[in-house]
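Participant: Here are the chains, one letter per residue:
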Amino acid sequence: MELNQFTAHELLAKLKNKEVSAEKILLSLQERIHKTEPKVKAYARVGEVENSAANPSALSLLKGLPITIKDNICTAGLTTECCSKILRGFRPPYDATVISKLKENGATIFALKANMDEFAFGSSCENSYFGPTHNPWDLECVPGGSSGGSAAAVASDEAIWALGSDTGGSIRQPASFCGVVGLKPTYGRVSRFGLIAFASSLDQIGPITKDVQDAAILSGIICGHDPRDSTSVNQEVPDYTKSLTGDIKGLKIGIPKEYFVAGLDTEVKSIIEEAIDKLKTLGAFTDPVSLPHTEYAVPVYYIIATAEASSNLARFDGVQYGYRVASDNLIQMYKMTRAQGFGPEAKRRILLGTFALSHGYYDAYYLRALKVRTLIKQDFDKVFQDFDCIVAPTSPTPAFKIGERAQDPLKMYLSDIYTISVNLAGIPAISIPCGFTKKGLPVGLQIMAKPFNEEMLFRVAHTFEQNTDWHKIKPKL
Amino acid sequence: MKYQTVIGLEVHVQLNTKTKAFCGCSTDFGKAPNSNVCPVCLGFPGSLPVYNREALNSAIKLALAFNCQIQEHTKFDRKNYFYPDLPKNYQISQYDLPLSRNGYLDIFTNDTPKRIGITRVHLEEDAGKLIHEAQASLVDFNRTGIPLLEIVSEPDLNSPQEAFDYLTSLKSIIEYLDVSDCDMEKGSLRCDANISLRIQGAKELGVKTELKNMNSFKGVKDALTFEVQRQTKLLETQEVMLQETRLWDVEQGITVSMRTKEGAKDYRYFPDPDLTVFIIDQAMIAGIKTQLPELPQEKMQRFIKEYGLTEADAKILVSTKNDADFAEQCIREYPGKDKKEMANWIIGPLLSEANLRKVKLHELKLDKKELISLIGFVQRQDISHLSAKNVLSQMIDNGKTAQALIKEGNLQQISNTEELAAVIETVIRENVKSVDDFKAGKTNALMYLVGQVMKKSAGKANPKVVGEIIRRRLS
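Chains as they are written, first to last, in the numbering used here: chain A, 1 to 477; chain B, 1 to 475.
Worth flagging that the hints you see were computed from the coordinates, not collected in a lab. Possibly wrong hints are sitting among the right ones.
Said to hold, decoys possible - Calculated pairs, DSS-like style, for lysine-lysine (alpha carbon to alpha carbon, straight line, at most 30 Å):
| # | chain 1 | residue 1 | chain 2 | residue 2 |
| --- | --- | --- | --- | --- |
| 1 | B | 129 | A | 335 |
| 2 | B | 365 | B | 337 |
| 3 | A | 278 | A | 377 |
| 4 | B | 321 | A | 371 |
| 5 | A | 280 | A | 242 |
| 6 | B | 340 | B | 389 |
| 7 | B | 75 | A | 450 |
| 8 | B | 265 | A | 347 |
| 9 | A | 335 | B | 261 |
| 10 | A | 371 | B | 75 |
| 11 | B | 305 | B | 321 |
| 12 | A | 347 | B | 261 |
| 13 | B | 75 | A | 382 |
| 14 | B | 400 | B | 339 |
| 15 | A | 377 | B | 439 |
| 16 | A | 335 | B | 265 |
| 17 | B | 212 | A | 335 |
| 18 | A | 85 | B | 129 |
| 19 | B | 460 | B | 439 |
Make a model of the complete structure from these sequences and hints.
Facilitator: Written out as structure tokens, the structure reads:
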């Protein structure tokens with residue numbers, strides 16, 4: 001086995017025993033990238049590998065272990081473009097808080113940034129200015145999105161582990177499509193400082209890893225209060241690795257009936273049902289539950305998320321940084337810069353959001369969406385009064401073909417139907433591999449818990465993982 | 001037809017906090033362009049705003065001083081519009097849940113009190129500054145993010161003079177609170193005005209004009225005065241009046257149309273998701289209340305009560321806090337029973353010395369003890385009031401003591417009747433007409449005769465004694 005194929009915790013053990021060095025690990029990653037990247041295209045830009053910002057300390061936790069970062073998380077001195085033309089050449093002079101934390105713990109920040117849908121707008125990674133990423137399990141399929149690059153890099157062993165961001169499923173859905181582990185932490189659990197905002201009230205950074213233990217380790221590093229982010233919550237971060245008990249006996253798991261309706265792929269459905277049976281055999285109780293406002297999640301999300309995005313993206317105007325179309329007329333400069341700098345999906349969402357916030361429409365759309373958001377949150381609160389967690393599919397289908405939904409935004413938006421409610425409610429959720437379709441595409445199991453109960457997710461996910469082999473299977477590239 | 005003028009003012013005041021509203025940058029004025037900046041106030045991608053507690057504290061202080069109701073839950077909203085001085089292309093401001101509402105401010109116009117309603121006071125961030133040069137326009141972001149209070153009045157002002165008095169009163173209170181420099185030239189206080197006319201007694205408001213670009217209180221008054229005339233003319237000739245924004249041209253003394261209402265923008269306000277709702281509880285309000293200083297109105301009332309001053313005098317003394325403190329120290333240290341005596345000295349000779357030197361009262365280089373000593377000389381009739389004023393001026397100039405200056409100038413008054421008798425006899429002889437007038441009952445004539453004696457004695461004669469002698473001599 002090559003070094004790049006190991007999990008982070010396996011490599012950390014090897015580093016501790018001085019069996020390997022961080023340099024050797026980097027080298028094996030680079031060899032792998034050289035070999036498979038032309039097929040997978042998990043990274044946004046090539047040619048910056050030698051520029052890795054390494055800050056290893058012999059005594060530190062991560063001992064120089066490299067990590068792959070999504071292109072929307074600011075890395076000081078390293079190009080960060082959100083895979084958009086409009087941010088061309090942008091090198092932030094500051095690190096996102098998660099990057100500072102990683103560096104403090106001795107991580108090497110991999111200079112290549114992971115590909116993504118432009119500004120995290122998408123579910124397929126096709127909306128990148130740099131072109132699509134390919135699913136390592138089937139190169140004709142999408143890796144999911146928007147953190148498709150991070151998930152594909154981890155799945156193809158082009159990364160040891162990675163950070164993504166999740167606004168409506170952007171970590172969990174690609175994790176599901178690529179057969180890896182992806183966690184969306186509780187809103188406020190991880191600092192958003194340095195995460196280039198898509199929808200500020202929904203965005204959260206989270207880990208994409210090869211197994212649950214890695215996700216627990218990485219969460220322990222990136223979680224925590226940050227005075228630079230007013231929405232981050234000042235609550236102690238537990239040692240998540242202590243949740244990896246392998247015991248779920250007696251836990252009460254809710255199965256939301258609204259997640260098993262028309263639109264759910266039959267093959268995915270049966271794989272999920274098998275996974276639920278597995279949880280039962282491991283000692284958990286399951287019961288059907290109802291999240292009655294589920295059907296409103298997609299429309300509510302597309303109003304709130306686009307409204308916030310329309311304002312968040314206003315700053316990309318060619319004045320201070322990034323792409324600019326010069327003109328002797330200010331308005332013309334704004335218009336041309338934004339017309340040429342943004343891709344079609346970014347423009348669509350800016351228009352949608354601008355409309356939703358416009359005078360005369362605000363009450364009917366944005367305000368109403370906020371109210372329904374509260375109802376969606378209450379659905380979860382109610383269930384969590386009686387249940388320890390909720391289990392459901394991560395996505396209604398396995399990975400779809402590149403180009404298949406690109407022309408049909410509505411169909412594309414529906415691929416997040418099972419992940420969006422979690423963001424609206426602000427709760428944590430994890431996606432773990434739980435089987436494969438006949439065509440060999442991975443399927444993800446989603447576990448949701450109440451706010452700040454990531455420990456529950458790790459406990460259930462880890463127990464399932466330790467009793468199955470899905471996470472050990474690697475794509476043939 | 002008689003028209004009523006209706007004016008509402010929108011005042012922006014920069015708070016004098018050490019750091020900006022949502023980041024740690026300095027708010028120092030006059031620094032090299034773009035030196036007080038960071039990723040947050042430059043609106044760089046991924047940066048996030050964080051409340052400045054000091055700014056919120058100052059804002060609440062001011063709102064309380066303006067008798068406003070404080071909102072228990074206040075939130076910040078984004079006001080979206082594109083402009084190069086606004087790096088995020090939205091301004092963090094407050095929309096439907098402002099920090100405070102429903103306050104008032106008492107003003108005096110020609111000594112008539114009037115209560116002006118304050119619609120709201122809210123906190124927002126300032127924008128940057130554009131500098132237009134021949135080749136390009138440049139942006140200085142030093143000002144970007146400085147905490148700004150918007151104070152909106154009700155349309156309760158009915159004349160340009162009332163608007164002027166409102167601004168004076170508002171500035172006085174803010175200076176007392178020490179939350180802003182209130183310097184219109186430096187831009188730390190800015191004022192826009194809404195003005196319309198309606199037929200006297202009408203209920204509905206007329207078509208309003210928004211006036212901008214005034215850079216002094218006088219400018220506000222002048223622009224409003226011009227606008228009253230312009231609008232009156234339009235109404236009288238029954239011309240169509242457009243709702244518009246007009247700019248004050250100080251050079252020409254006219255207002256010029258900038259845009260009409262058709263150009264009004266939709267700011268697409270919505271709650272800023274980067275900032276959480278801010279809760280101002282009763283304990284916080286109570287805490288801030290204890291930090292409130294005595295405000296001009298209260299101080300004025302106290303001066304009247306404690307020191308027996310007239311309302312007019314007290315009003316002059318309290319207009320700025322430092323001067324009021326200076327005056328009060330003088331009055332307190334003054335040993336005489338009649339405190340008005342000292343107040344008269346401050347409002348009279350002292351204030352004119354200050355005005356002459358273009359400084360504030362409290363900035364005069366004057367030892368209070370020496371001032372008291374000087375007044376003592378006058379009261380003991382050792383020197384005349386006139387001489388004393390000269391001595392005061394010299395004291396400020398060279399810092400010498402009152403006693404030394406009186407001696408140097410040989411200003412000791414002549415109260416000795418024998419010494420005065422000869423001069424008085426000469427004056428009586430030389431002014432037969434005035435003597436006759438006095439005898440005929442014209443008391444003014446006595447004043448004239450005393451004046452002549454003062455003149456002949458080079459101001460050293462004691463006018464009271466002189467008056468007595470002449471009266472006795474002629475009756």
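Participant: Hint by hint, say whether it matches the structure.
Facilitator: Here is what the structure says about each hint:
1. Annotation: proposed proximity of residue 129 of chain B to residue 335 of chain A holds, straight-line Cα distance about 22 Å (limit 30 Å).
2. Distance hint between residue 365 of chain B and residue 337 of chain B is fulfilled; the C-alpha atoms sit about 26 Å from each other, no more than 30 Å.
3. Pair hint residue 278 of chain A plus residue 377 of chain A holds up; C-alpha atoms about 28 Å apart against a cutoff of 30 Å.
4. For a cut-off of 30 Å, the pair hint linking residue 321 of chain B to residue 371 of chain A is broken: about 49 Å separates their Cα positions.
5. Between the alpha carbons of residue 280 of chain A and residue 242 of chain A the distance comes to roughly 22 Å, so the proposed pair stays at or under 30 Å and holds.
6. The hinted pair formed by residue 340 of chain B and residue 389 of chain B meets the criterion: a straight-line CA distance of about 17 Å does not exceed 30 Å.
7. Note on residue 75 of chain B and residue 450 of chain A: the hinted pairing holds, with a Cα-Cα distance of about 26 Å set against a maximum of 30 Å.
8. Restraint check for residue 265 of chain B and residue 347 of chain A: the C-alpha separation of about 21 Å stays at or below 30 Å, so the hint holds.
9. Proximity of residue 335 of chain A to residue 261 of chain B is assessed by CA-CA distance (about 24 Å); at most 30 Å being required, the pair is judged to hold.
10. Distance hint between residue 371 of chain A and residue 75 of chain B is fulfilled; the C-alpha atoms sit about 17 Å from each other, no more than 30 Å.
11. About 18 Å separates the Cα atoms of residue 305 of chain B and residue 321 of chain B, which keeps this hinted pair within 30 Å; it holds.
12. For the hint linking residue 347 of chain A to residue 261 of chain B, the alpha-carbon distance of about 29 Å falls within 30 Å, and the restraint holds.
13. With a C-alpha separation of about 28 Å, the suggested pairing of residue 75 of chain B with residue 382 of chain A holds against the 30 Å cut-off.
14. Taken as a hint, the residue 400 of chain B and residue 339 of chain B pair is honoured in the structure, with Cα atoms around 25 Å apart against an allowance of 30 Å.
15. Note on residue 377 of chain A and residue 439 of chain B: the hinted pairing is violated, with a Cα-Cα distance of about 101 Å set against a maximum of 30 Å.
16. Between residue 335 of chain A and residue 265 of chain B the CA atoms are separated by roughly 17 Å; this keeps the pair inside 30 Å, and the hint holds.
17. Between residue 212 of chain B and residue 335 of chain A, the direct Cα distance comes to roughly 28 Å. Compliance with the 30 Å bound is thereby established for this hinted pair.
18. Distance restraint check for residue 85 of chain A and residue 129 of chain B: the Cα-Cα separation of roughly 28 Å lies within the 30 Å cut-off, and the hinted pair is therefore satisfied.
19. Proposed proximity of residue 460 of chain B and residue 439 of chain B is supported: the alpha carbons are some 26 Å apart, at most 30 Å.
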